[in-house]
Amino acid sequence: MEKIELTIDNKKIEVDKGTTVLKAARQAGIDIPTLCHMELHSMNIENKPGGCRICVVEVEGRRNLAPSCITEVTPGMVIHTNNIRVLNARKTVLKLIISDHPFDCLVCAKSGDCELQSLAIQCGIREIPYQGEKSTYRKDLSPSIIRDVDKCVMCRRCEMMCNEVQTVGALSAVNRGFMSVVAPAFEMDLEKSPCTYCGQCVSVCPTGALTEVDHTSQVLRALSDPTKTVVVQTAPSVRAALGEEFGLEPGTLVTGKMAAALRQLGFKYVFDTDFAADLTIIEEGTELLGRLKSHLNGDKNVKLPILTSCCPGWVNFFEHNFPDLLDVPSTAKSPQQMFGAIAKTYFADKIGVNRKDLIVVSIMPCLAKKYECQRDEFKVDGNPDVDFSMSTRELAHFIKQANIDFLNLPDEEFDAPLGESTGAGVIFGNTGGVIEAACRTAYELFTGKTLDKVEFHELRGIEGIRSATIDFDGLPVNIGIAHGLGNARKLLNEVRAGRSKYHAIEIMACPGGCIGGGGQPFHHGHSEILKARAGAIYSEDERKTLRKSHENPYIVKLYKEFLGEPGGHKAHSLLHTHYYDKSVEVTIEH
Amino acid sequence: MTVQTLPENKLEVKIKLSDEKIEKINEICESFDNDPGELINVLHETQVTYGYLPAEVQEVIAHNLNISVAHVYGVVTFYSFFTMVPKGEHPISICLGTACYVRGAEKILDEFKKELNIKVGETTADKKFSISCLRCVGACGLAPVVMVGEKVYGRVSPDSVRAILDEYK
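From first to last, the protein sequence lines stand for chains R and Z.
Counting from 1, one number per residue, gives the positions in the first sequence under my numbering.
Counting from 1, one number per residue, gives the positions in the second sequence under my numbering.
Next up, chain Z with everything else stripped away, as it sits in the complex (with noise of 0.2 Å):
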């Protein structure tokens, strides 16, 4: 028998959010007439704006939708999309779809893992990567493939991932 721990507290970061930030958040929200129903849209518009949704930007959409702080999180949290940790500079995608995943994509994860020391959907300490995973990019033929930012890898190995790591350093 497994035992799955739930994170003791997940919220890392605590920000004070600026005054522009909040006018920008209120112009968001105002965009969607401020309906409740249309959270997931200004939680979409509001991460694409800043990368991220830390809870004092959740806080400020609830208070804008007149909906619980509580809701706000459940939904943020129920959808992979929404992130409440802030992408580094050089976000690192692993394809897990099944054509890289056949070629050895979860040892390629592994090997990033242990390399920048952190998890699926963290963030390395000095902002410069974070991991997260999606399901194919359409360039099966490369499989294994990794995207850093933009740039495409392909026919990635473990070996490699260092090298690929140092060109960002």
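This is chain R alone, in the form it adopts within the complex (with noise of 0.2 Å):
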């Protein structure tokens, strides 16, 4: 690689040809501040329309300012990120922005963990000389995104996420100059068009423009009233990432703390969506091995490859998108739908209490989760299986309100009987866990042996599309693994032509798996903290006794007492759903 030399703030440092002077700065430890900037680097995921012009540098013979963020190095160049002239500038670049932005830091749901509030602070924004026209635009409220566009700065990063990378194609720039906003077709709602609810657009808004909808007074309310049985279920990937919001390091693993801080909130039973986890690779393996089997005896109807259908983001993105492959991905419900099911019958049943009186809360890395709980084929006579869910941020706000010393806490445990979970309900939270989860069962199931050694290292892996061999006992297994939408299309377009290798493939709709999903604490562009918490979730899985789903003591007792075969009539009730064509809805009603 052709290097390039240059001063940067007096410090001469060498970089490769085509570096950004933004990327250079950095490299020599100078961090120009950006907005509409982000990037994701191990993901590839890049956002630079070079609009905002916060980077913007002196470069010494150049008449104006240049934005470093989509500026290239250029042999001796000499650089100044921080003169007066500079200082200035980004000042009043910054000024004007705000100027068209509301002035109510004190109630936005982004406070604290807003971007463009960081910059003012960084920039020792005072007041905000100009008065100009103000955008006031209608809140656009879905089951899970609340679009709040008087607060967007316009840096397009939630565009970039929802078409580049997640090829969902819900939002675009709409309109002109002062008028534009992103917005779905035809200034919709949200809810009727393409949108999955995977979040990612509001995992990457810098401000309150896109945040969750927030069921915590609801939670309380439930909590405070005496005559429910509040009930808690926490995924995976949850316990590997709210440390966060703590202060800890990213891939602290926070699973007794967090135990403890909701018991301390009133929950009566702590439970794990774990448990769940494993009662879904008994499931989905049941499925994939019958499938499997049929295929193998020559049955020409038996659909293969087999998709993973735990990501309700995903399961969206395939109404909308494949309506013609609704019978391809596994009719398991998701963990958090098995557990709702099995908490409102086996378990209300064991406790004496109606299923009116208990209320499921789950606590999700994810928003398309409060969508998928809302879901009418998930409701007994209007009775949801679980009636809220929380994302790990509306559960760190929560343990904040209630006063309660996180930090401190001591580790405690999981309650019996849905709290138990192995190593295998844990990786669920990864890319590739949930398929590898389904192989180390699988695997004994179909061969009749035990594993010599439980992880498939095979199958982890950051790469977006990635694939696998299997060796089931001779007989080669395909898996394929997908992250990111964008990704999951590629795949879905191979079996869609009839050209899928697979036998097996696993979906999840956000990069990185659960634990880069929608609903966690903000990443702020660093994609080392997705690869802390996906080391976490593996850690926790190497401490567990047991780690293959059909060998916890509790799944196998619920069969035995209640559920009877796996993929019998009654698991086949309360544990499997069906998918609708989603396709007709995007269309204008009027």
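Note that these hints are calculated values from the structure, not bench results.
Heads up, a few of these hints could be off.
Residues of chain R clear of chain Z, computed beta-carbon distances all greater than 12 Å [what the hints assert, rightly or not]: (1) 42; (2) 51; (3) 172; (4) 177; (5) 218; (6) 221; (7) 346; (8) 403; (9) 447; (10) 477; (11) 494.
Pairs of lysine-lysine, DSSO-like flavour, derived with a Cα cap of 30 Å [what the hints assert, rightly or not]: (12) 16/Z x 582/R; (13) 16/Z x 192/R; (14) 228/R x 379/R; (15) 16/Z x 107/Z; (16) 114/Z x 134/R.
Distance ranges between label pairs, derived from CB positions [as the list claims (entries may be wrong)]: (17) 176/R x 17/Z: 25 to 31 Å; (18) 85/R x 162/Z: 54 to 60 Å; (19) 294/R x 19/Z: 38 to 44 Å.
Idealized CB from N, CA, C, for every residue including glycine.
Hints in hand, dock the two standalone chains.
In structure tokens, the structure reads:
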């Protein structure tokens, strides 16, 4: 690679040709502030429309200031990132942006995590001298995501995520000049767009323009109602990220503190979605083996590959985009919904509580889960299996609201029977984890042999699309993995064209899997945070004595006492679902 | 401080496209090889054919070019040439070029808006008239100039607006 020499703030440095001034400066330890620019390096995700002009620098010999995020280095360049001209220009640009921004930081959901707010602090903004037009736009409330575009700074990160990374195409910049906003087609509500509620737009929004629907107050009300028994389930990846909200290093596991905090918040039973993840593996694994065996016996009607169905953003995506392939994904419900179905039948009976008086709350890294638990097919006589789904961020705020000294909490355990899980359930949080968990069980059930080594390292990693062939004692099983919906689309197009070589495919809507979910603490473009969370998940798996779903004693007991056979009649009615063609819903009604 | 209110909901017309209409749009898209890079040309030609680009037409184009409807709508709303509202039977264009402007074109525009009770870019309920603005028709000697369809009216004054409209009623 050709090297370029340049000087930034009197520091002589050498970088690869093609590097931008912004990245060259960062290599030299100089952090030029940015607003619209965002990069998730290890995922190959970058937003650089060069629109906000916060990152301007002075290039000697150039008349105007240069936006460093889109200006490539040239030999002998002399750059100043912090002289008076640059600092004043940056301030002016920021003041102009803020002049069309509501001043309601005190009541904004993003306060404390807002990149515009941080910039205002960093740049020392004390007054806004510009009195100009202000845009006002109706708020768009969907089951998962709130759009409040008055707070939009047109960085277009959400548009990039929605279109380039996820290929969902729900959002686009529309109109022109001062009137421009990021909106769904025809400025209809998000609910009438092909939005999957994956929440990646929320993950990258620098301000409060895109936030989640907050269920904290409903949960608090349920917890204070003496006629209700409130149980909680926590998704695998929450424990690997929650600590960040309390200042802990990314990758710190807080499983025990989280259980303790939930108990202090007043949840009667603190359970684990990992239990339901183990249950998912039994049901999905049985379905996979069933389809695989029929296929091997020459049954031409059997659909392969089988696709995992535990990610609700992904389910929404194929319902909107691949309605012709609705019989390809597994019919198994997601762990969240399996948990709800079991809690409101098996567990409610056990403790003698009517399902209407049992409130099931889920803590999820996900915003699509909020929509999922409201779907009609997951209700019995109008009563949902899962009443409220809160994000990791909402839980952190809830714990802070309740004056709980999270960092000094003693570690506590989950409650039995729906709190017991294996390492296979834990790794659901990482891309590749569901299929690895499925392989651990499917291998042993199919071959009748015990695995020497439970880790399938060939299924792990961060590349967007991965594949591996697992030897099922002489039978090669081809596995495909995709995370990020754009990557999923590629594998799905192969399936549609009849060119897919896989027997089973795992798909996660969010880059990185649930650890990078739309409800997780904000990563602000630091992809090493996602890596640290993934590492934490695998280390939790290693710590477990039981690491295969079918060895979970409470799962075994559940089938024996209640469900009967895996994939049997009762299991089917409680733990499986069906999918709908949503491609028509995109059209506009009037 | 003025407050700019964006429209509640831009979509005002819902039409069911006939099979022939869809077929015609398909043909236009195919003539550009269904290339998403030709979106502007496809929109242009479709608008020339139909006079405007309602939501349903944009959906067909998005489907053919394999791009999102939101993206098509983004382009339609970016360029002022594209319209989602059908023009009236007698489209009125008021020149706001420099010569016309300094000779009071804005007052004439206001008069048309008042008489027809519509804004720029809108069409009357009876679909007879629509108002748009343009910049210079090359008849500056006649400023201020108004066009109704293909007919040019010169030296228009606010008082003469009603008489012009009466010609078409």
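Results for each hint:
{"no.": "1", "hint": "42", "result": "holds (27 Å)"}
{"no.": "2", "hint": "51", "result": "holds (15 Å)"}
{"no.": "3", "hint": "172", "result": "violated (4 Å)"}
{"no.": "4", "hint": "177", "result": "violated (9 Å)"}
{"no.": "5", "hint": "218", "result": "holds (29 Å)"}
{"no.": "6", "hint": "221", "result": "holds (32 Å)"}
{"no.": "7", "hint": "346", "result": "holds (43 Å)"}
{"no.": "8", "hint": "403", "result": "holds (40 Å)"}
{"no.": "9", "hint": "447", "result": "holds (44 Å)"}
{"no.": "10", "hint": "477", "result": "holds (33 Å)"}
{"no.": "11", "hint": "494", "result": "holds (16 Å)"}
{"no.": "12", "hint": "16/Z x 582/R", "result": "holds (20 Å)"}
{"no.": "13", "hint": "16/Z x 192/R", "result": "holds (18 Å)"}
{"no.": "14", "hint": "228/R x 379/R", "result": "holds (18 Å)"}
{"no.": "15", "hint": "16/Z x 107/Z", "result": "violated (39 Å)"}
{"no.": "16", "hint": "114/Z x 134/R", "result": "holds (27 Å)"}
{"no.": "17", "hint": "176/R x 17/Z: 25 to 31 Å", "result": "holds (27 Å)"}
{"no.": "18", "hint": "85/R x 162/Z: 54 to 60 Å", "result": "holds (58 Å)"}
{"no.": "19", "hint": "294/R x 19/Z: 38 to 44 Å", "result": "holds (42 Å)"}
Figure legend: structure checked against the earlier numbered hints; hints not met, in rising order: 3, 4, 15.
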